[in-house]
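Q: Read off the chains here:
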Amino acid sequence: MLDETPRFTAAVDRMVAHTQLSGWERVQMSRRLGRPGAMTFIKLICDSFMELHGDRLFGDDPAMVGGIGLIDGQAITFIGNRKGANLKENVRYNYGMSNPEGYRKALRLARQAERFSRPIVCFIDTPGAYPGIGSEERGIGEAIAQNLKAFSTLKTPILVFIIGEGGSGGALGIGVGDKLYMLEHAVYSVITPEGFASILLRDPSKAAEAAEAMKMTAHHLKEFSVIHDIVEEGSAEETAARIKAIIKRDLAVLCSKPPAHLVRYRIRKIRGIGEVSGIAKTWWKPLLEVFSKSGSLS
Amino acid sequence: MAELCTACGHEVRLDHFKICPSCGHYFPLNPGERIALIGDEGSFVEMEGTMVSANPISLAGYEEKLEEHRKKSALNDAVTIGRCTIEGDRAIVGVMAFSFMGGSMGSVVGEKITQALLEGALEGVPVILCTASGGARMQEGIFSLMQMAKTASAAALLEETATPLFIVLTNPTTGGVTASFAMLGDVILAEPGAIIGFAGPRVIEGTIGQQLPEGFQRAEFQQEKGFVDAIVNRTDLKRTLSFLIRTHRRGEVSHVG
Numbered sequence: 001m002l003d004e005t006p007r008f009t010a011a012v013d014r015m016v017a018h019t020q021l022s023g024w025e026r027v028q029m030s031r032r033l034g035r036p037g038a039m040t041f042i043k044l045i046c047d048s049f050m051e052l053h054g055d056r057l058f059g060d061d062p063a064m065v066g067g068i069g070l071i072d073g074q075a076i077t078f079i080g081n082r083k084g085a086n087l088k089e090n091v092r093y094n095y096g097m098s099n100p101e102g103y104r105k106a107l108r109l110a111r112q113a114e115r116f117s118r119p120i121v122c123f124i125d126t127p128g129a130y131p132g133i134g135s136e137e138r139g140i141g142e143a144i145a146q147n148l149k150a151f152s153t154l155k156t157p158i159l160v161f162i163i164g165e166g167g168s169g170g171a172l173g174i175g176v177g178d179k180l181y182m183l184e185h186a187v188y189s190v191i192t193p194e195g196f197a198s199i200l201l202r203d204p205s206k207a208a209e210a211a212e213a214m215k216m217t218a219h220h221l222k223e224f225s226v227i228h229d230i231v232e233e234g235s236a237e238e239t240a241a242r243i244k245a246i247i248k249r250d251l252a253v254l255c256s257k258p259p260a261h262l263v264r265y266r267i268r269k270i271r272g273i274g275e276v277s278g279i280a281k282t283w284w285k286p287l288l289e290v291f292s293k294s295g296s297l298s
Numbered sequence: 001m002a003e004l005c006t007a008c009g010h011e012v013r014l015d016h017f018k019i020c021p022s023c024g025h026y027f028p029l030n031p032g033e034r035i036a037l038i039g040d041e042g043s044f045v046e047m048e049g050t051m052v053s054a055n056p057i058s059l060a061g062y063e064e065k066l067e068e069h070r071k072k073s074a075l076n077d078a079v080t081i082g083r084c085t086i087e088g089d090r091a092i093v094g095v096m097a098f099s100f101m102g103g104s105m106g107s108v109v110g111e112k113i114t115q116a117l118l119e120g121a122l123e124g125v126p127v128i129l130c131t132a133s134g135g136a137r138m139q140e141g142i143f144s145l146m147q148m149a150k151t152a153s154a155a156a157l158l159e160e161t162a163t164p165l166f167i168v169l170t171n172p173t174t175g176g177v178t179a180s181f182a183m184l185g186d187v188i189l190a191e192p193g194a195i196i197g198f199a200g201p202r203v204i205e206g207t208i209g210q211q212l213p214e215g216f217q218r219a220e221f222q223q224e225k226g227f228v229d230a231i232v233n234r235t236d237l238k239r240t241l242s243f244l245i246r247t248h249r250r251g252e253v254s255h256v257g
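Protein chains in written order, with the working numbering: chain S, 1 to 298; chain L, 1 to 257.
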């Protein structure tokens with residue numbers, strides 16, 4: 001468990017001063033209580049924000065926040081994982097772990113955004129989707145799968161910021177977009193280092209070792225070209241200002257592109273990720289042919 | 001050859017369906033056996049059989065592990081894809097092998113599933129994917145997670161061209177495969193008793209601190225909850241797939257004779 005004593009907090013602050021942090025230190029920083037979350041950034045970035053609730057199917061998931069915000073007159077749909085700023089809020093927001101209704105709310109709002117030509121900004125900060133009985137009964141796998149499929153062909157710009165923990169499929173469920181950014185101390189991985197340690201290293205106490213081996217920091221992901229850039233962190237206000245500047249810069253470019261071009265570029269980018277050899281067919285040719293066949297995407 | 005049934009413990013002789021004659025347990029099928037079961041004899045032509053994985057996050061021991069599994073299984077990775085006919089109709093098929101590193105999805109599985117879906121989209125030929133997987137291949141780090149997005153986006157393109165995708169969920173199908181292409185079929189079939197879910201039972205028990213109910217995450221449970229169209233006996237699988245291919249033709253009213 002993470003120590004939250006003032007001494008520890010002060011120690012973490014000292015660590016921030018160093019640029020070379022270990023993977024495990026960054027994991028701990030990404031999870032640190034009181035780290036600015038999606039709601040903090042939404043409030044700091046938007047001139048006004050209206051939260052919209054519910055998936056219209058089952059209920060409203062408080063661990064996923066969604067709504068419409070205004071930045072200098074530009075309407076943007078915001079979707080984000082919500083963890084809460086203190087322990088009481090953590091419990092209320094299920095530590096940022098969404099049930100299927102959270103992903104279905106995100107999809108409903110994303111489709112709404114597409115229909116009304118609003119760009120989408122997603123803030124990722126979750127250990128993962130909630131592993132519970134109800135979550136499985138209501139199809140958490142299906143809910144995430146539908147989002148991956150829908151977001152990949154959504155005809156509106158999507159910017160994704162990983163602001164804290166990017167945990168597995170639960171993060172990816174709101175993580176498919178045109179441009180991906182990570183805050184300096186955010187992490188993004190296929191499984192938690194604790195999970196990796198207990199399954200692959202067969203020793204749950206080797207989480208720190210796992211965090212290194214998994215290469216899950218912003219710097220690694222930039223090296224892998226999985227993300228476009230790293231956002232330097234400062235105070236919540238300073239970081240928010242940097243995020244806002246990126247949103248304004250990117251949307252100025254992306255909003256002027258024909259939506260079909262956005263989708264083509266987005267899918268080509270997703271398609272290019274992976275390392276294999278002995279491949280018989282070059283990947284872009286069939287992809288372009290499918291695009292030209294599918295009338296709505298050409 | 002007699003085998004010991006892992007479910008009932010009886011020594012049994014299996015035919016090509018590999019169903020225990022004593023208790024009805026479904027033994028796992030390797031891709032070759034599954035393809036022989038659903039494809040017309042001699043019709044299968046493999047695609048991308050030589051594709052092998054790199055070590056994208058330079059994880060110690062991964063290459064040796066791959067080599068060991070390649071030798072043991074005579075497969076290059078956890079999925080085999082190709083073309084075949086089913087009762088005379090063309091289809092693109094992909095069959096996962098749980099025996100190869102738990103059927104985990106890394107760059108090769110993601111790429112091959114994607115190619116199968118894109119070939120289907122290009123040619124308007126139905127795609128059939130038989131799943132068996134523990135989820136994403138952790139040894140490939142973030143690259144394995146990205147294969148979920150990749151396969152799901154290929155499924156989106158297949159949908160754009162109105163080409164059908166049929167999924168056959170076999171035991172077990174969990175994690176990142178469930179949360180991507182496996183749940184995106186126009187029709188989703190499952191083999192009886194197959195475990196199908198996102199989180200593993202031990203993870204859920206650890207989170208909620210209680211034991212899971214009997215039958216949780218089985219095919220029958222998933223059908224009851226609305227995530228599986230039909231549970232199909234292995235002996236009826238070829239006939240069922242043929243029926244689905246003939247009733248999902250594009251741009252014409254289906255008449256099935």
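Just so you know, these hints were derived from the structure itself, not from any lab.
This one's a predicted model, so the numbers in the text were calculated from it and none came from an experiment.
Beta carbons are placed, not taken as given, at the ideal position from N, Cα and C, and that holds for glycine.
Among these hints, one or two may not hold up.
As the list claims (entries may be wrong) - Just a sample of chain L residues kept apart from chain S, beta carbon distances all over 12 Å, derived:
#1 Cys5
#2 His10
#3 His16
#4 Phe27
#5 Ala149
#6 Ala182
#7 Arg202
#8 Phe227
#9 Ser242
Said to hold, decoys possible - DSS-like cross-link-like pairs, simulated, lysine-lysine; straight-line CA separation at most 27 Å:
#10 L:Lys65 <-> S:Lys215
#11 S:Lys206 <-> L:Lys71
#12 S:Lys179 <-> S:Lys88
#13 S:Lys215 <-> S:Lys155
#14 S:Lys179 <-> S:Lys244
Q: Work down the list of hints and note, for each, if the structure agrees.
A: Each hint, compared with the structure:
1. Cys5: About 28 Å separates cysteine 5 (chain L) from the closest Cβ of chain S, which puts it past 12 Å; holds.
2. His10: At roughly 32 Å from the nearest Cβ of chain S, histidine 10 (chain L) sits farther out than 12 Å, so the non-interface label holds.
3. His16: 30 Å, holds
4. Phe27: 25 Å, holds
5. Ala149: At roughly 5 Å from the nearest Cβ of chain S, alanine 149 (chain L) sits no farther out than 12 Å, so the non-interface label is violated.
6. Ala182: Per Cβ check, alanine 182 (chain L) is inside 12 Å of chain S; nearest 7 Å; violated.
7. Arg202: 10 Å, violated
8. Phe227: Phenylalanine 227 (chain L) not clear of chain S: closest Cβ-Cβ about 5 Å, inside 12 Å.
9. Ser242: 26 Å, holds
10. L:Lys65 <-> S:Lys215: 19 Å, holds
11. S:Lys206 <-> L:Lys71: 30 Å, violated
12. S:Lys179 <-> S:Lys88: It is violated: about 33 Å lies between the C-alpha atoms, which goes past 27 Å.
13. S:Lys215 <-> S:Lys155: Violated, because 32 Å separates the two Cα atoms, which is more than 27 Å.
14. S:Lys179 <-> S:Lys244: 14 Å, holds
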